[in-house]
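Visitor: Below, each chain spelled out in residue letters.
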Amino acid sequence: MWFFRAPTIVYGEDALSYLSTLPIRKALIVTDRHLLTTEIPEKVRQALPKGAESLLLGDVGEEPDLEEMTRHLDQIRGFEPDWILGLGGGSSIDTAKILFVLYERPDLTVYDTTPLQPLGLRRKSRLLAIPTTSGTGSECTWAAVLSERQEKRKHELASPEIIPDYAILDPEMVVGLPPEQTRNTAVDAITHAIEGYVSTWRNPFSDALSEKALELIFGNLLSVLKEPGDRSSRGAVHIGASMAGLSFSNSQIGLAHALGHALGARYKTPHGKAVGIFLPLVIDFNSTVCKDRFDRLNLLVPSTVRGTSLGASIRSLFRAMGQDASVATLGVKKDEYFDGMEELVSMAAESTGLVTNPRDSGSSELRELLTKAYSGEV
Amino acid sequence: MAKFPSAEWLEQYMGKLNSNPNYEDAARKWEGSMTFVVQKDPALDKDAYLYLDLYHGKCRGSKFSLSLDDLPPAQYKYMGPFTNWKRLINKEIDPIQGILTGKFKLEGSMMTIMRFTRAAKEMVATTTQVQTEF
Numbered sequence: 377m378w379f380f381r382a383p384t385i386v387y388g389e390d391a392l393s394y395l396s397t398l399p400i401r402k403a404l405i406v407t408d409r410h411l412l413t414t415e416i417p418e419k420v421r422q423a424l425p426k427g428a429e430s431l432l433l434g435d436v437g438e439e440p441d442l443e444e445m446t447r448h449l450d451q452i453r454g455f456e457p458d459w460i461l462g463l464g465g466g467s468s469i470d471t472a473k474i475l476f477v478l479y480e481r482p483d484l485t486v487y488d489t490t491p492l493q494p495l496g497l498r499r500k501s502r503l504l505a506i507p508t509t510s511g512t513g514s515e516c517t518w519a520a521v522l523s524e525r526q527e528k529r530k531h532e533l534a535s536p537e538i539i540p541d542y543a544i545l546d547p548e549m550v551v552g553l554p555p556e557q558t559r560n561t562a563v564d565a566i567t568h569a570i571e572g573y574v575s576t577w578r579n580p581f582s583d584a585l586s587e588k589a590l591e592l593i594f595g596n597l598l599s600v601l602k603e604p605g606d607r608s609s610r611g612a613v614h615i616g617a618s619m620a621g622l623s624f625s626n627s628q629i630g631l632a633h634a635l636g637h638a639l640g641a642r643y644k645t646p647h648g649k650a651v652g653i654f655l656p657l658v659i660d661f662n663s664t665v666c667k668d669r670f671d672r673l674n675l676l677v678p679s680t681v682r683g684t685s686l687g688a689s690i691r692s693l694f695r696a697m698g699q700d701a702s703v704a705t706l707g708v709k710k711d712e713y714f715d716g717m718e719e720l721v722s723m724a725a726e727s728t729g730l731v732t733n734p735r736d737s738g739s740s741e742l743r744e745l746l747t748k749a750y751s752g753e754v
Numbered sequence: 282m283a284k285f286p287s288a289e290w291l292e293q294y295m296g297k298l299n300s301n302p303n304y305e306d307a308a309r310k311w312e313g314s315m316t317f318v319v320q321k322d323p324a325l326d327k328d329a330y331l332y333l334d335l336y337h338g339k340c341r342g343s344k345f346s347l348s349l350d351d352l353p354p355a356q357y358k359y360m361g362p363f364t365n366w367k368r369l370i371n372k373e374i375d376p377i378q379g380i381l382t383g384k385f386k387l388e389g390s391m392m393t394i395m396r397f398t399r400a401a402k403e404m405v406a407t408t409t410q411v412q413t414e415f
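Protein chains in written order, with our numbering: chain A, 377 to 754; chain B, 282 to 415.
Because the hints were derived from the structure by calculation, they are not lab data.
What you are looking at is a predicted structure, and each value in this text was computed from that prediction instead of being measured.
Where a beta carbon is used, it is the ideal one built from N, C-alpha and C, also for glycine.
Be aware that a few hints might be false.
Taking beta-carbon pairs under 8 Å as the criterion, some of the chain A residues facing chain B (in silico) [as the list claims (entries may be wrong)]:
1. Pro491
2. Leu492
3. Gly496
4. Ser739
5. Glu741
Listed next, the in silico BS3-like pairs over lysine-lysine satisfying Cα-Cα at most 25 Å (straight line) [claimed, not checked]:
6. A:Lys667 with B:Lys372
7. A:Lys528 with B:Lys310
8. B:Lys372 with B:Lys297
9. B:Lys284 with B:Lys367
10. B:Lys339 with B:Lys321
11. A:Lys667 with A:Lys644
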C-alpha cells in the first residue's frame with residue numbers, strides 16, 4: 377500500500393487568473409525581496425477576487441532560517457488569513473508552508489513537521505503556491521527545507537499536509553527568470569526526476585512523472601537558455617519541473633540531494649548548483665544497481681548531448697548549459713573543503729535521501745563521493 | 282531458529298546489531314532507548330515488548346517482557362500488530378512507509394528520529410539476519 381498525492385494544478389497561459397475564482401477573503405502573500413522589485417506581486421494581488429484583503433510579506437531571503445521565516449508570525453496571526461500564498465522560488469514557497477503549519481497549529485514547533493504524525497492543518501486556512509522558478513517543485517511537494525545557520529545544517533521537513541491545495545503554473549511568472557537561476561533550478565528539477573525514478577520508494581506514478589518531466593525539460597531547456605522569452609519552451613520546462621516535484625514527493629530524493637543539502641548548508645551554494653555537482657557522480661555510483669533504469673532515461677536526452685551512459689549525458693548537458701561541474705569551480709578552497717569533510721559526511725548521513733537511494737551508502741561512500749566532487753572527477 | 286517475539290530472539294538480534302558495521306556507522310550519534318511493541322492480533326495472543334538500550338552505534342542492553350511495566354521507560358516506541366512485524370522482518374514492509382500507511386506507530390521525538398532514518402533502516406535490516414520462526 378502506498379499513496380499518490382498532488383495539489384490541484386492550474387497551468388498554462390493566464391493560469392494566474394484562476395485566483396479570482398477561489399473563495400479568498402484574506403490572502404497572505406509570502407514572497408522574496410527580489411520579486412518585490414518586479415510587477416509580479418502586484419499582478420497576483422490584482423488577480424485576487426474582488427474585495428479580498430491581502431497582506432504582502434516580501435522579505436524572504438535565500439535559504440531562510442527559522443527566525444527569518446517566522447519573524448512576522450504575530451502579524452500574520454493578527455491578520456487571520458484564510459489563504460496563504462507562497463509566491464516565488466523554493467525559499468518563498470517553503471516559508472509559506474512553515475508559516476501555514478505554525479499559523480494553523482501554534483502549539484507545534486516547526487520540527488513537528490514530519491510525515492510520521494498527523495498535523496491536523498486546514499482548520500483556518502488553505503495553502504496555494506505560485507512558483508516563479510522552474511525547478512524546486514515545492515508547489516507540488518510535501519517537503520520544505522529549513523536552513524540552520526549556526527549548525528550550518530539544512531532540515532528536511534515533510535508532511536503530506538503541507539502539499540499545497542493549489543499550484544498555479546503560469547509561464548508569465550517565469551518568463552523573466554535570469555539565466556543563472558534558470559540553469560540552477562532546471563538542474564534541480566532534473567535531479568528530482570532522476571532521483572525519483574530510481575528511489576527505493578519509486579512507483580508507477582513517480583515513474584511516469586519522471587519520464588515525462590525529463591522529456592519536457594530535456595526537450596526545451598537549451599531553447600529556453602537561448603531564447604529566454606520563448607513562452608512555449610518556458611511553459612514546457614515549468615510543467616516538467618512540477619512533474620519532477622510530484623515524482624520525488626511521491627517517491628523521495630536520493631544521494632545527490634543528501635550531499636547537495638550538506639554542501640549548500642556549509643558553503644551557501646545555491647541548491648540547484650549544489651545537487652547538480654553531485655548528480656552525475658551519484659548516477660555513476662548508483663549505476664551498479666539500476667543501470668537499466670538509467671539507460672531508459674538516457675534515451676530521453678537530446679541526441680546532441682547524449683553520451684553512452686546517463687552520467688556521461690548529464691555531464692555533457694551541463695557543459696552545454698555552462699553549469700558548474702565541481703566544488704572547485706564554486707571557489708571553495710581545497711584545504712577548507714577537505715578540513716570540513718567530516719562535517720559534510722555527518723550532515724549528508726542524516727538525510728532521508730540515504731534511506732531511499734537505490735544503493736546503500738555509509739560514511740565511506742559519502743566521503744568518496746564528496747572527494748570526487750571537489751574536482752568533479754569521473 | 283529463534284521464535285519472534287521472545288527473549289531468545291531479542292538476544293540474537295542484539296548480537297547481530299552489535300556486529301553490524303552499517304548500523305554502527307548510521308547510529309554513531311544516536312542516544313536513546315527503543316522499545317519494539319508487538320501487539321497481539323489473531324496470530325499472537327499477548328502483547329510483547331522488546332527493549333533496546335541504544336547508544337552511539339551499539340546496543341548496550343536489552344530486555345524482553347510481556348508487560349511494559351517490567352521494562353525501563355524508553356525514549357522511543359515502535360508499535361505494530363504481530364502480523365505487520367512478521368511482514369516487516371520478511372522485508373515486505375518498509376519501516377518508514379509502515380508508519381506512513383498506519384501499519385506501525387512511532388512515539389518519541391520526531392525531529393531526532395528523522396535525522397536517523399538510515400539507522401532505523403539498518404535496525405530493520407538486521408532483523409533479517411536473525412534466523413526467525415513465527
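Visitor: Each of the hints needs a verdict: does it hold here or not?
Guide: For each hint, the structure was consulted:
| no. | hint | verdict |
| --- | --- | --- |
| 1 | Pro491 | 6 Å, holds |
| 2 | Leu492 | 5 Å, holds |
| 3 | Gly496 | 15 Å, violated |
| 4 | Ser739 | 5 Å, holds |
| 5 | Glu741 | 10 Å, violated |
| 6 | A:Lys667 with B:Lys372 | 23 Å, holds |
| 7 | A:Lys528 with B:Lys310 | 17 Å, holds |
| 8 | B:Lys372 with B:Lys297 | 17 Å, holds |
| 9 | B:Lys284 with B:Lys367 | 11 Å, holds |
| 10 | B:Lys339 with B:Lys321 | 29 Å, violated |
| 11 | A:Lys667 with A:Lys644 | 32 Å, violated |
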